[in-house]
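Q: Chain residues, written in single-letter form:
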Amino acid sequence: MKSQNLVKIVATVVGIVVAMFFVVLVISDPDQDIVAQSPLLGQPAPAVASETIDGDQFVLERRKGSWVVLNFFNSTCVPCINEHDLLIEFANSEAANPNAVEIYTIINDDSSDAVRDFFVKNGGDWQKIKDDNGAIAVAFGVARVPETWIIDPNGLVRLRITGELSPGLLTEQVDKLRDGFSS
Amino acid sequence: MKTRKSVWLATFLLVAVLLVFGSSRTGGPKTQQDRIDAITAVLACPTCSGESVFVSRAAAAESIRAEVARQVAAGLRTDEQIMSYIEQRFGGQVLLVPRASGVDALVWALPVAALVFSIYLLFSAFIKKRTNLSGELTEQRDFLMNSLHDLEQEHKFGDLDDQEFESLRKDYESRAASVNAQIENLELDEQTLLETAGPVAKNLPRTLVTTLVVLLVGTLAGWLVAKQSGQRLAGDSLAGSIEDSTATILSRARATNFVDPKAAIELYTQVLEVDPDNVEALTYRAWLLVLIARSAGDEVKQLAFTSASSDLERAIALDPDYPDAHCFLGITRFRLGDDALGAKEQLTICAAKNPPAEVKSFVDSIVAEVDAALDK
Numbered sequence: 010m011k012s013q014n015l016v017k018i019v020a021t022v023v024g025i026v027v028a029m030f031f032v033v034l035v036i037s038d039p040d041q042d043i044v045a046q047s048p049l050l051g052q053p054a055p056a057v058a059s060e061t062i063d064g065d066q067f068v069l070e071r072r073k074g075s076w077v078v079l080n081f082f083n084s085t086c087v088p089c090i091n092e093h094d095l096l097i098e099f100a101n102s103e104a105a106n107p108n109a110v111e112i113y114t115i116i117n118d119d120s121s122d123a124v125r126d127f128f129v130k131n132g133g134d135w136q137k138i139k140d141d142n143g144a145i146a147v148a149f150g151v152a153r154v155p156e157t158w159i160i161d162p163n164g165l166v167r168l169r170i171t172g173e174l175s176p177g178l179l180t181e182q183v184d185k186l187r188d189g190f191s192s
Numbered sequence: 023m024k025t026r027k028s029v030w031l032a033t034f035l036l037v038a039v040l041l042v043f044g045s046s047r048t049g050g051p052k053t054q055q056d057r058i059d060a061i062t063a064v065l066a067c068p069t070c071s072g073e074s075v076f077v078s079r080a081a082a083a084e085s086i087r088a089e090v091a092r093q094v095a096a097g098l099r100t101d102e103q104i105m106s107y108i109e110q111r112f113g114g115q116v117l118l119v120p121r122a123s124g125v126d127a128l129v130w131a132l133p134v135a136a137l138v139f140s141i142y143l144l145f146s147a148f149i150k151k152r153t154n155l156s157g158e159l160t161e162q163r164d165f166l167m168n169s170l171h172d173l174e175q176e177h178k179f180g181d182l183d184d185q186e187f188e189s190l191r192k193d194y195e196s197r198a199a200s201v202n203a204q205i206e207n208l209e210l211d212e213q214t215l216l217e218t219a220g221p222v223a224k225n226l227p228r229t230l231v232t233t234l235v236v237l238l239v240g241t242l243a244g245w246l247v248a249k250q251s252g253q254r255l256a257g258d259s260l261a262g263s264i265e266d267s268t269a270t271i272l273s274r275a276r277a278t279n280f281v282d283p284k285a286a287i288e289l290y291t292q293v294l295e296v297d298p299d300n301v302e303a304l305t306y307r308a309w310l311l312v313l314i315a316r317s318a319g320d321e322v323k324q325l326a327f328t329s330a331s332s333d334l335e336r337a338i339a340l341d342p343d344y345p346d347a348h349c350f351l352g353i354t355r356f357r358l359g360d361d362a363l364g365a366k367e368q369l370t371i372c373a374a375k376n377p378p379a380e381v382k383s384f385v386d387s388i389v390a391e392v393d394a395a396l397d398k
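Top to bottom, those sequences are chains A and B.
The opening residue of the first sequence carries number 10 in our numbering; numbering runs sequentially from there.
The opening residue of the second sequence carries number 23 in our numbering; numbering runs sequentially from there.
Worth flagging that the hints you see were computed from the coordinates, not collected in a lab.
C-beta atoms are modelled at their ideal positions from N, C-alpha and C, and glycine is treated no differently.
Heads up, some of the hints might be wrong.
Away from chain A, derived, C-beta distances all over 10 Å, residues of chain B [as the list claims (entries may be wrong)]:
(1) Thr33
(2) Ile86
(3) Glu89
(4) Ile108
(5) Glu176
(6) Ser273
(7) Leu313
(8) Gly319
(9) Glu380
(10) Ala390
Now the in silico label distances, taken between C-beta atoms and shown as ranges [stated by the list, open to error]:
(11) B:Gln55 / A:Lys17: 37 to 47 Å
(12) A:Lys17 / B:Glu209: 46 to 56 Å
(13) B:Val29 / A:Leu34: 27 to 37 Å
(14) B:Glu102 / A:Ala45: 40 to 50 Å
(15) B:Glu102 / A:Asp65: 47 to 57 Å
(16) A:Val23 / B:Ala88: 44 to 54 Å
(17) B:Asp299 / A:Gln46: 29 to 39 Å
(18) A:Ala45 / B:Ala147: 49 to 59 Å
(19) A:Phe31 / B:Asp343: 37 to 47 Å
(20) A:Ala45 / B:Gly124: 15 to 25 Å
(21) A:Met29 / B:Phe148: 53 to 63 Å
(22) A:Asn14 / B:Glu176: 40 to 50 Å
To spell it out: a stretch of chain B is covered by chain A in this simulated footprint if at least three of its residues, at any positions, have a beta carbon under 8 Å from a beta carbon of chain A; those stretches are [stated by the list, open to error]:
(23) 73 to 85
(24) 199 to 205
(25) 342 to 351
(26) 365 to 379
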């Protein structure tokens with residue numbers, strides 16, 4: 010009798026645990042937000058040292074003191090092409106700001122020439138950083154482009170946006186972060 | 023009896039020793055390619071379904087493979103640290119083998135613990151069944167003994183003839199002897215089981231203690247299996263190296279630069295103790311010293327000027343392209359050294375090297391003053 014009771018208790022506990030897992034699975038909503046999670050958020054940005062397609066040296070650490078936007082880009086990726094005008098719009102809106110955000114394109118699995126041609130044709134005068142072996146993408150955990158990252162003047166990763174930017178999203182997020190940073 | 027007990031104990035010890043040995047095993051020497059293959063084989067391609075980085079040809083997988091190869095070639099990190107580096111960038115889903123620690127370890131530990139506990143429950147149920155069987159046989163024996171007694175009474179009163187009585191008596195006695203033998207065997211087995219396992223049937227405290235022991239053994243076995251089979255990662259920081267922990271301190275120092283300059287100076291000094299050539303720490307410690315000394319007396323200003331100039335010049339020598347050091351040296355020369363010409367030289371280099379916005383704001387506020395001093 011006692012062992013039967015024990016079996017019943019164990020079965021009930023296991024049943025409750027399984028039911029709880031099931032409930033969690035049912036009620037949890039897959040993360041559809043464009044603002045994505047990353048273990049890097051709130052952490053110092055990974056060390057990045059590379060060069061631009063024009064041969065200038067680029068060291069991310071040296072940009073501490075500025076807000077930095079890194080946009081992982083490929084000239085053949087449709088969402089990257091789609092969001093390009095929004096990036097230009099954002100860059101233009103920042104131009105007059107004394108605390109302007111610096112934008113950098115990180116070339117992902119693409120040739121420097123193809124990227125140069127794309128920018129000549131479509132505009133955008135910010136620097137384009139080479140990432141020939143994908144080290145920068147791996148350092149940030151970027152698997153698919155486009156991705157946009159925001160780094161604060163203390164060198165901490167503040168935001169990750171996966172996928173194509175929507176109109177006004179970048180401005181809204183940067184303003185929110187900048188306000189929070191200065192207050 | 024004692025022999026059976028010893029066998030159980032020996033089996034348990036053997037299993038425990040094997041598990042401990044297995045969980046602490048170390049691999050032999052590997053070539054760099056072996057290491058790269060081994061690491062990439064247990065990493066999931068982040069853009070494919072069910073493929074490892076080792077087999078995938080996707081761009082993301084190739085980038086990870088290249089990064090693993092670069093880190094293996096650099097020889098600064100262990101396999102676990104490299105996997106940890108990748109996992110901390112792409113998240114836990116990049117590990118094909120669940121981790122041996124944290125919640126993931128339950129994947130390994132729970133089935134083993136459940137198996138051990140199930141065996142215990144089966145064992146208990148088996149003992150109970152045997153106890154029930156013993157009761158049935160006792161009833162059967164009593165019935166046969168009663169029947170034998172009735173038979174003798176019937177024969178005594180002449181209801182049965184001698185031949186019939188003898189035939190039935192032999193049959194009853196034979197059956198009773200058989201049942202007796204079964205009962206004796208069962209009692210022997212049961213006693214052995216009671217001695218070795220401590221069944222649920224005994225009493226409640228003993229049952230609880232036994233259950234706890236079984237749970238403990240199950241948990242221990244699960245832990246050992248998790249430790250042996252789970253993915254072992256280095257428990258280091260996000261960055262996983264001195265360089266990266268330095269980055270964390272530098273970020274903290276940056277955040278306190280103008281809130282608590284003395285605390286920031288301590289943090290920069292901390293960085294310089296680990297990495298004496300850290301250009302950022304040299305530059306910003308010097309700059310904060312200058313800012314603090316500005317409101318001090320001449321003697322302190324002179325000391326600060328000498329110390330800060332020395333650190334800033336060292337930073338420039340280490341990294342001539344670092345704009346911040348040039349900018350701050352220019353400001354220091356002008357504010358504390360009354361050297362407008364030397365200041366102008368450094369501020370010009372600073373402007374050419376595109377300083378970040380925060381530094382540029384300091385420079386913009388002084389350029390006009392420096393130019394005016396030079397025009398005099």
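Q: Does each hint hold? Answer for all of them.
A: Evaluation of the provided hints:
1. Thr33: Thr33 of chain B clear of chain A: closest Cβ-Cβ about 24 Å, beyond 10 Å.
2. Ile86: violated (6 Å)
3. Glu89: Non-interface label on Glu89 of chain B violated, nearest chain A Cβ at 4 Å vs cutoff 10 Å.
4. Ile108: It is violated; Ile108 of chain B is separated from chain A by about 7 Å at its closest Cβ, not greater than 10 Å.
5. Glu176: holds (41 Å)
6. Ser273: Non-interface label fails for Ser273 of chain B: nearest chain A Cβ at 5 Å, not farther than 10 Å.
7. Leu313: At about 15 Å from chain A, Leu313 of chain B clears the 10 Å cut-off, so the statement holds.
8. Gly319: Non-interface label on Gly319 of chain B holds, nearest chain A Cβ at 30 Å vs cutoff 10 Å.
9. Glu380: violated (4 Å)
10. Ala390: holds (16 Å)
11. B:Gln55 / A:Lys17: 37 to 47 Å: Roughly 56 Å apart at Cβ, these two residues miss the hinted range, so it is violated.
12. A:Lys17 / B:Glu209: 46 to 56 Å: Since Lys17 of chain A and Glu209 of chain B have Cβ atoms about 29 Å apart, the given range 46 to 56 Å is violated.
13. B:Val29 / A:Leu34: 27 to 37 Å: violated (45 Å)
14. B:Glu102 / A:Ala45: 40 to 50 Å: Hint violated: Cβ distance 27 Å, outside 40 to 50 Å.
15. B:Glu102 / A:Asp65: 47 to 57 Å: violated (37 Å)
16. A:Val23 / B:Ala88: 44 to 54 Å: Hint holds: Cβ distance 46 Å, inside 44 to 54 Å.
17. B:Asp299 / A:Gln46: 29 to 39 Å: holds (35 Å)
18. A:Ala45 / B:Ala147: 49 to 59 Å: holds (51 Å)
19. A:Phe31 / B:Asp343: 37 to 47 Å: violated (58 Å)
20. A:Ala45 / B:Gly124: 15 to 25 Å: holds (22 Å)
21. A:Met29 / B:Phe148: 53 to 63 Å: violated (32 Å)
22. A:Asn14 / B:Glu176: 40 to 50 Å: holds (47 Å)
23. 73 to 85: Our answer is that it holds, as 4 residues pass the Cβ test (under 8 Å) against chain A, meeting three.
24. 199 to 205: violated (count 0)
25. 342 to 351: It holds: at least three residues are needed, and the region 342 to 351 of chain B offers 4 whose Cβ sits within less than 8 Å of chain A.
26. 365 to 379: Holds: 3 residues of the region 365 to 379 of chain B have a Cβ under 8 Å from chain A.
Consistency with the previously given hints fails for numbers 2, 3, 4, 6, 9, 11, 12, 13, 14, 15, 19, 21, 24, ordered from lowest to highest.
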